[in-house]
Amino acid sequence: MRSRLVVLALLGLAAPCARAQAPAKPPAAINGCVDCHLALDDPRISPPAKLFADDVHAKAGFTCVFCHGGDARQEYQEDAHDPKKGFIGKPKPQQIPELCGKCHSDAALMKQYDPSQRVDQLTEYRTSGHGKALAKGDTTVAECASCHGAHGIQPVKDSRSPVSATKVAETCNHCHGNAALMAAHELPSDPYEKWSRSVHYRARVEKADLSAPTCNSCHGNHGAAPPQVGSVVNVCGTCHVTFADQFKLSPHWEPFKDMGLPGCVTCHENHEIVKPSEAFLAEGEQSKCSSCHEAGSAGARAAAEMRADLVGLDGEIRRAERLVDRAEEAGMEVSKVRFDLVAASNALTRARSEVHLFRPSAMHGAVAEGLAVARKAAAGGEARLKERDFRQRGLFVSLGLILLSIVALVVVIRERDRRSSPHPED
Amino acid sequence: MPEPSEAREGRLRAWARDRLGWDELAHMAAKKRVPVHRYTLFYYLGGMALFLFLVQVATGILLLLYYRPSAAEAFESVQYVMADVPFGWLMRSIHSWGANLFVAVVFAHLISVFFLKAYRAPREVTWVTGAILLFLALGFGFSGYLLPWNTLAFFATKVGTDVPAQIPGIGHLLSRILRGGSDVTGATLSRFYGIHVAILPAITTLMLGAHLLLVQRHGMSVPRSVEGKTRRSIPFVPDFLMRDMVGWLAAVGILAALAAFFPWELGVKADPFASAPAGIRPEWYFLWMFQGLKYLPSKIFGIPGETLGVLFFGALGAALVAVPWLDRRGRRGIAVAAVAVLTAAAILTVLALLPVPGAEKP
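First to last, the protein sequences are chains A and B.
Heads up: the first sequence begins at 1 in this note's numbering, then just goes up one per residue.
Heads up: the second sequence begins at 1 in this note's numbering, then just goes up one per residue.
Bound conformation, chain A alone (with noise of 0.2 Å):
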């Protein structure tokens, strides 16, 4: 009881020092307003005040006022809500990004509570097709609050924030799911369903990788707006580096500028990326080629001259995996093969990065290399099996001569018990 008034009386004297240290709080800390709208207990005004008491502005000492206006400090509801004092209420979508901005704006004041956050978010707004709209007076379209929330904001590192990594494409879906909001604005409305059967979702939500792509990746978020199409390849290229830089050297660069085609997009689509595969370079319903180059022209033969190759680099590949499964199966060592098949498997990567180029002859070095690889892991699959077998006929022959070495001592026992009578034992 004495330690615990002791610990007590420190904390006491410590208090004060920890005030004085602390960075200077916000003005108005009495938050009047969260007492009465709590008091009320009307659906309409107390949950923001319930919601309010967790949100990360609270938390840094933000009062309703910041962005209600009013006066806090008030014990009538008109005097707190007195439009002199700067009360506007509810603010209006139109308001929200300027008030918002108002803060998120000043870097010096962002600087006091968290130095590494942008301040540009507004200016990044205003170019987004959100805030182009919403300038013109659309009032249907996102502000902050349409994706931050407007009570209980939470920073976006925090899991329970709408645009933390795993909850903004849902977010961003509220809206761009919704066919009939979609309609009025010329938009479909089924991107997040095509994005969920993209490898980009399996990624992300599948094998929990983060780095993979979600809406803002690609859009933007503060300034979101669909990538230009002479900026599609840049934007893939963000991530997809090599394919990008490959493509602006592939002979389909020029045209499809002039052309006014969406660059990656014209082949892997924007929201449904599926896996690429060696059909999308064959004629039939996968293919990408087709749809421009005609049977028998040039672009075609090159297209499945690509595709022979990777499709025969891939059946090696398979062939020597097969084998090579056999004999680990037979309990052979074949981490050296292994070794060898993901060589091959490496190569194979290489030939189909190499497509970009389009050029059938770029690809030719990785294809080699990789038949070379594989076909060597198939030698060394095939001659473990044939080890296994060597090893089999090997016991055979000697579980043979053991059989014959037991049977000859059995006799000879046999031989030997007939002939001697029973010892007695002295």
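One or more of the hints may lead you astray.
Chain B residues, not near chain A, derived (Cβ > 12 Å throughout) [what the hints assert, rightly or not]:
| hint | residue |
| --- | --- |
| 1 | A16 |
| 2 | D23 |
| 3 | F53 |
| 4 | A72 |
| 5 | M82 |
| 6 | A121 |
| 7 | V125 |
| 8 | P164 |
| 9 | I177 |
| 10 | M207 |
| 11 | P223 |
| 12 | A276 |
| 13 | E306 |
Think about it this way: if two alpha-carbon atoms lie no more than 30 Å apart in a straight line, the pair counts; the simulated DSS-like pairs of lysine-lysine are [said to hold, decoys possible]:
| hint | chain 1 | residue 1 | chain 2 | residue 2 |
| --- | --- | --- | --- | --- |
| 14 | B | K158 | A | K336 |
| 15 | A | K207 | A | K167 |
| 16 | A | K288 | A | K257 |
| 17 | A | K207 | A | K336 |
| 18 | A | K386 | B | K269 |
| 19 | B | K269 | B | K31 |
| 20 | A | K207 | B | K269 |
| 21 | B | K117 | B | K31 |
| 22 | A | K336 | B | K117 |
| 23 | B | K269 | A | K376 |
Keep in mind the hints are simulated off the structure, nothing from the lab.
Since we're looking at a predicted model, the values are computed, not measured.
Glycine is no exception: its CB is placed at the ideal position from the N, C-alpha and C atoms.
Mind docking chain B on chain A? Use the hints.
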């Protein structure tokens, strides 16, 4: 007049007799006889254990020529033995399978000797050397398991070397001595290698020598139930030895078949920075202790459960060594003898039951 070849043989025999005491050895071999009765079959287990031990020595020496005892090279050297050394796969697989068969036969030998009460006076010291040889066999198994430096062995050794740490007072020191530090590292591997190829073989040679000498000194024990009922015996050389050889040849065949059809897996190289994989477990002969420790509550009467468990296993080991004396007291009080038998039976029950859930839970 003797033929020249006979004369040469005679000269050789005389030379050997004068220098090696050949005649005494031949006389001793000729004199040794093995009683024949309905339990004679159990006599073969000792010879089988000795044969499998010699197989381990021979294959171990061959593996030694290629094995490199360091964290950086151990796994690769075993991989090299398995993939590139002519018949290296055979030597390693026989060594690994043989180790398991050896421990199993040693257990069977001990259990048969226990139930036939072959430890009765004057064979108490023979029993003690045999019990110590069992502990040495387990030590060989434990130290050899880590040597390929694969993931499973690495983490199983981490668990295994944690067990002595539960001994009050000296536990942590023992664990540190075993590991060569606070954790399982390359230092542990060097230490286990030294234990496996030098320390244990040296002690085993002495113990085995004493064990065989005592068996020779006292002859084969005849169980009480057939004592006086059998008057038949066969000479050890060559009759019993030939029967032994039938078993040894069969063991070689079994080992060769296991090596050819189920080569001992090498697994994945140990990564000390990786998290422990699912399904880590020791060799089957330690599973009952491993599983038993898992079932113990964290505290029993305020004492850590694992500490009590380790102390209990220690007491069991001590009781095993002391069986001849525990039984002697049992002659005066039958209850004590029953405890000795029940303890052995409990070990058997645990051995039979515990490995299964352990093996099912990867």
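How the hints compare with the structure:
Residue placement check: A16(B) keeps its beta carbon more than 12 Å from all beta carbons of chain A (closest about 26 Å). Distance check on D23(B): its Cβ is at least 21 Å (rounded) from any Cβ of chain A, clearing the 12 Å threshold; non-interface status holds. No Cβ of chain A comes within 12 Å of the Cβ of F53(B); the nearest lies about 20 Å off, and the non-interface call holds. The non-interface label for A72(B) is consistent with chain A: the shortest C-beta to C-beta separation is roughly 16 Å, beyond 12 Å.
Under the 12 Å C-beta cut-off, the non-interface status given to M82(B) relative to chain A is violated; the minimum distance is some 4 Å. A cut-off of 12 Å between C-beta atoms confirms that A121(B) is not in contact with chain A; the least separation is 20 Å. Separation of V125(B) from chain A is adequate, the least Cβ-Cβ distance of about 24 Å exceeding the 12 Å criterion. No Cβ of chain A comes within 12 Å of the Cβ of P164(B); the nearest lies about 34 Å off, and the non-interface call holds.
Interface exclusion of I177(B) from chain A stands, the closest Cβ pair being 34 Å apart, more than 12 Å. The Cβ of M207(B) sits about 30 Å from the closest Cβ of chain A, beyond the 12 Å cut-off, so the non-interface label holds. With 12 Å as the threshold on Cβ separation, the claim that P223(B) sits away from chain A holds: the shortest Cβ distance comes to roughly 15 Å. Listed as outside the interface, A276(B) is consistent with that label: its C-beta sits roughly 21 Å from the nearest C-beta of chain A, beyond the 12 Å cut-off.
Annotated as non-interface, E306(B) keeps its C-beta farther than 12 Å from every C-beta of chain A; the closest such distance is 35 Å. Pair hint K158(B) plus K336(A) holds up; C-alpha atoms about 29 Å apart against a cutoff of 30 Å. Of the supplied pair hints, the one linking K207(A) and K167(A) holds, its CA atoms being roughly 15 Å apart against a limit of 30 Å. With a CA separation close to 18 Å, the supplied pair K288(A) and K257(A) stays within the 30 Å bound.
Of the pairs offered as hints, the one joining K207(A) and K336(A) holds, with about 29 Å between alpha carbons and a cut-off of 30 Å not exceeded. For the proposed pair K386(A) and K269(B), the alpha carbon gap of about 26 Å is at most 30 Å, so the pair holds. This hinted pair does not check out: K269(B) and K31(B) have alpha carbons roughly 54 Å apart, beyond 30 Å. Restraint check: the Cα-Cα separation between K207(A) and K269(B) comes to about 26 Å, which is no more than 30 Å; the hinted pair holds.
For the hint pairing K117(B) with K31(B), the CA-to-CA distance comes to about 25 Å; that is within 30 Å, so the pair holds. Proposed proximity of K336(A) and K117(B) is contradicted: the alpha carbons are some 54 Å apart, above 30 Å. Between the alpha carbons of K269(B) and K376(A) the distance comes to roughly 24 Å, so the proposed pair stays at or under 30 Å and holds.
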